[in-house]
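Q: Residue-level listing of the chains:
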Amino acid sequence: MSTTTTRDATRPAPAKVSKTKPRRGMGGSTFNFWLFTGPFLIGLVIFVYIPIGWSAWLSFFEARYTVTPDKFIGFDNYKLMLTNGDFTKSLVTFTVFAAIIVPVTWALSLGLALMVHRLRFMKAFFRSVFFLPTACSFVAASLIWKMSIFSGVRFGMMNTVLGWFGVENIAWLANPNPPWYWLVIVTVRLWLQAGFYMILFLAALQNIPPELYEAAAIDGAKPGWQTFRYITLPQLRATSTAVILLLLVAAYQAFDEFFNLLSKTTWGRPPLVELYYTALGDDQDYGAGSAGAVILTLLICMVTMLQGRFLGFGRGDGSK
Amino acid sequence: MSALSNSNWDRRSVLRAAAGLAALGPLAACGGNTGREGGGSSGKGLVQYFHAYGEAGTQEAIKRYAKAYDEARVTTQWITGNNFESKLFSALLTDNAPDVFEFHPQLQMIKSGQVAPLDDIIAPVKDDFNPADIKSHTVDGKVYGVRMIDDPQFFYYRKSVLEKAGVGVPQTLEELAEAAEKLTTDKVKGLFLGNNMVSTNYALVWAAGADQLNDKNEIAYHTDDVAAALKVYRKMFTSGHLLLDAPADYWDPSALVQGLTAIQWCGMWAMPVMQKALGDDLGIFPFPSAASGAKPAVYNGGWSMFVNAKGKNVDLAKEYVKWLWIDQKKYQEDWALSYGFHIPPRTSIAESATKLKSGLPAEGVKLFTDYGRFDNISWTQAMITALEEVIANSVRKGMDPEKALDAADKKVNLELKKLFG
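Here the protein sequences come in this chain order: R and C. Here the first sequence stands for residues 1 to 320, numbered as in the UniProt record's numbering. Here the second sequence stands for residues 1 to 421, numbered as in the UniProt record's numbering.
Just chain C, same shape as in the assembly (with noise of 0.2 Å):
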């Protein structure tokens, strides 16, 4: 049809808009891929949201699971890259966002209405589960997110390596910092604390006698010792004895399984790839004193399952949490002691776990309960960005702890008073 032609809904035109919309189909298509097409049984549908894990099969465990949930078609967002928290924080305020999801235990979230409590379905084995993750879910009595693993982060070292080098097992921050230089060699350096050094942060406020918050919701970071420690940091940072900017971070064990480092800190769930790789010549120990006084510290990471309170199928997302993580132990222990290695927050479990029972990893599982610290609710994204800053200022580009520490104040108080008033 010539463009000049008055002529317009003749049948050829109409046939090329038939044509254009027809290609525009496929485009259409390809944004409208939300998870939620198909169903069950019942034709409902849920999605959920993981970050993805190192551990070589949990991927598809966790497909696993859902696809032998009957009362809904389950599909699972695997968020590889470490905008986990990025993208789960987006989706929740879109109608496509989760209905189950997996993060820690943090107050705004519940404030802000994002998450549903689920104490209905936990009440019944409540007692069953670690009281302390449970305290770390629980806001005005009401319990928010199930436990699914517990992940204490420890220091591992090379036995072999220390020994040669006439080193003991650190028990003071000051000793760890000795031993990094003398196990420093022209291949290898001493010790890895993360390629940005915030993975230990919670660990040196509490070796350093501290908290992140009181019993009061306030500031229990900001004490002469943890600037002392901070400063012991620095020395390390600027010695030259530890290991940074390597290809993969803390959290994953090939620093230390390939040479690189003689001691990395690193959770539980590397254990099984440390042992493969390097069988007995492995050896675990706590974060070191960094007071007078102070005790040795483990962080309980650990990972919970939430429901998206304002999701379209509440219920049906509970039922599904309930199903998964309340009465599937085959798959709690599974998911806990198959890939990785972590601690089943249930009781119940981790006493039948005979994986934990003997050698390093009942060590582990020592230390998890001697040393063991668990998340604060009350402390919030923005709070753990302020002390992770701490870390880059004060450690990294050397400004003076305390003023670091100032700074931090700031925005940690501005952000309890948003929370409590």
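So here's chain R without its partners, still in its complex pose (with noise of 0.2 Å):
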């Protein structure tokens, strides 16, 4: 049925327009816009841009045992942490963690995601088997790690797999030289968020139209690694460039599995951790360690910004 004919025959007459004025007030669209919304923004506000600004405000004051110091010191909080070594080898760890981490989940769930998206059978179990880690906390796998899976003592899993073939209990914590602490720490977050990012991966092969196989095939490109270099990793370099961005972000914000994997240490402390214990653990100084959270969000604002103009993060497709 065209619809083009009988638009004019079916229009419903116009509406009438109120000629009552419009009540003072909030409209219904905004009240409801606050009511949902308001105590969201409220929170927003109490919880994120208070403290940020309180922080910024702490960073230039001497606040050792307190948050509502009154000793102004001017920027002797930032040349603090920027001198003591400890924050900066702190901001080393960081690029080593991120320099592993970063492009090992990347593939891996890249790969997850392109062996679940070709399976012809239980493809719902798959997805749902990679997926469920990342509903267990951080803090619950790091000890599972540490007291099961990596325990030092000769019934620690590893321990156990490797006295299969002789070799002797590994002390994987303990120990810094070799740096087996960097398996626990990197097997851990593999576990916890590559199912994630699986699924963002899943979405991206789904969106990529068949026809574009179809036309590499009778052009005579073959299956396999071919197809996938020449179609679908170009096709999923925006997925790919989110993906990158965030898995950035989150070594950024790693905490977690170094403050429980890792205790009294002087290495494997990443920013995060160091601030911790900047402000908390031992020496209760929040001016110093406000300082250093101003340092960390402004060298996080810079990389990703950097990151997004060398990636292209945010272009649109007819720019790729």
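Simulated from the structure, these hints should not be mistaken for laboratory data. These numbers were taken from a predicted model, which means no experiment stands behind them. We treat Cβ as the ideally placed atom computed from N, Cα and C, and that holds for glycine. Each hint should be verified, as a subset may be incorrect.
Claimed, not checked - Label pairs and their computed distance ranges (CB to CB):
#1 K231(C) to V139(R): 34 to 44 Å
#2 T347(C) to W164(R): 49 to 59 Å
#3 A216(R) to A248(C): 54 to 64 Å
#4 S112(C) to F40(R): 50 to 60 Å
#5 S112(C) to W164(R): 51 to 61 Å
#6 L246(R) to N217(C): 44 to 54 Å
Said to hold, decoys possible - With a straight-line Cα cutoff of 20 Å, these simulated EDC-like cross-link-like pairs (lysine to aspartate or glutamate) come out:
#7 K417(C) to E62(R)
#8 K235(C) to E168(R)
#9 K403(C) to D86(R)
#10 K403(C) to D280(C)
With the hints as a guide, bring the two chains together.
A: Spelled out as structure tokens, the structure:
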């Protein structure tokens, strides 16, 4: 049925415009908007924006054992954080961590997505299996890794397996040389987050038009690596960029597994752990901790913008 | 109501708004559990913080004592995990800070006005407390905190295992290292100093004839003997004879009880569990001498009750502390002896404690008396960490002990300057 021929005939009469003046006060949609977003907005202000502002303010004060200081010290806290070595060392730790975890998680989640995408049976089951670890907390997973899988005693799971091959027990977390602790930290995070990024890649894979593969096949492209290299991977560029950005931000925020797996160490402290110890753990120096938080925030913003510039995050499809 | 409608405060929208607010009610309630609701017969409430003790029955005991207090409703926060300090420190900055809390005597808390002096409640019984406990809680003649328990820490060992290996009780740090080597088999490690090896750092310094700080509150731990002792520690760490990365740390008796190690550093609190599991096949000895002429060492840890000086009910909190930790001797004895073994800091209670009069507990009390060293109130959290980092850097990471001690000196001196100018 053509709609164009009947449209005029069926068009309803224009609604009668009310001649009464609009009532004062909030309109219905405005009221509903504030009703539903208001509480969250208040929460955002109270729990995010005020603390950020307060932290920036604290960073210019001598704030030991107090968050309401009165001694202004200018940029001394910034100087302290950038010169005491521990905070800058934590940035190196982060760089090592990010250099391992970002590409490995990217590759693993993409690999899982490709595998699950091509499955012809039990697809939902395998998606769930790989995604489920996302629901586990970092603290719980870290404790399982520490006390069960990578325990240094003879009945730790990894040591048991290594024992079958005659390898002596390894103290995975106590000994920094060789740095086996990276294996523990990286594997726990991989297990926890690979499933989430797999879902993102799955969604992107499902959006690739099958006609592209058909056309490629007609043009003689071999299925497998050639198709993946020249069709799948370029089509996943936007998702890959987003995944890498999310992974990098998540790496900056790494705390739980480092805190729970490495206690009383001077190594393996990413920035958030270092700031935690500065502000809460030992020193109770909220001024220095806040200065470190401001430095870290600026650094994250800078890296994110640079990454966006180089990888093209946010550009439209036409700019690919 | 249509989103395009001009009408707003009609009956249906009011009902929806009410329903929305009602839905938010439970959420508000979730965030409102400060532990201050209700009250005792007087309607007043107090909050107390305790770290989670490992001994079974302790949490119930503390809650039972609190419930027996008639003047206020006392709510207990039993804090699990290893972040008791962090939670306490952050809570003390807020309006939801505990009124009373357990901790160790530390000068920075007094200097920053976080804890109240308790002379008025302690004065009548001051002479009944272990003088060392009173000294470790005193600043400028005022006493801060009431000691609840003394916890000597020493080495436990399996007598039969040492006998079988022909190993005597180590008298020096070198002998301890040799014993660890001889006792190590493919199934059992010779020695457990804790997973990160920091639990013995005080004892190591004392046994090397040094101290954390001297009487003038200057660094006293940085000596040649301490550096030499750290090298022995490093040798032990790299030898493969130490138990590392055990599922439970030094404070838990399981490493010795489960046969993972022949010798373990632990506290007297674990003695009942160890005796139950191992019977008479259990001995104890202090941290052996680590330098020529230096005495062995026992760290007398423990916990004290403090009153938050910035709390809303300081007087009531002091009354509660007086009631529980000064007047109620039956609870103090129960707390010290019914779960793990602790030494009561009150002489009158310690003297009547029959459980500590014979056998291994009596040996523990003797080590406490002969070699026990107490907390130095000027040795604060930041300094504790600085010394722990010496262990991390020089023992576990292989840094030259002198360099590791130099690094600690910088941090400790910075802290000392802040505290004493």
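Q: Of the numbered hints stated previously, which ones are contradicted by the structure, given in increasing order?
A: Hints 4, 10 contradicted; others consistent.
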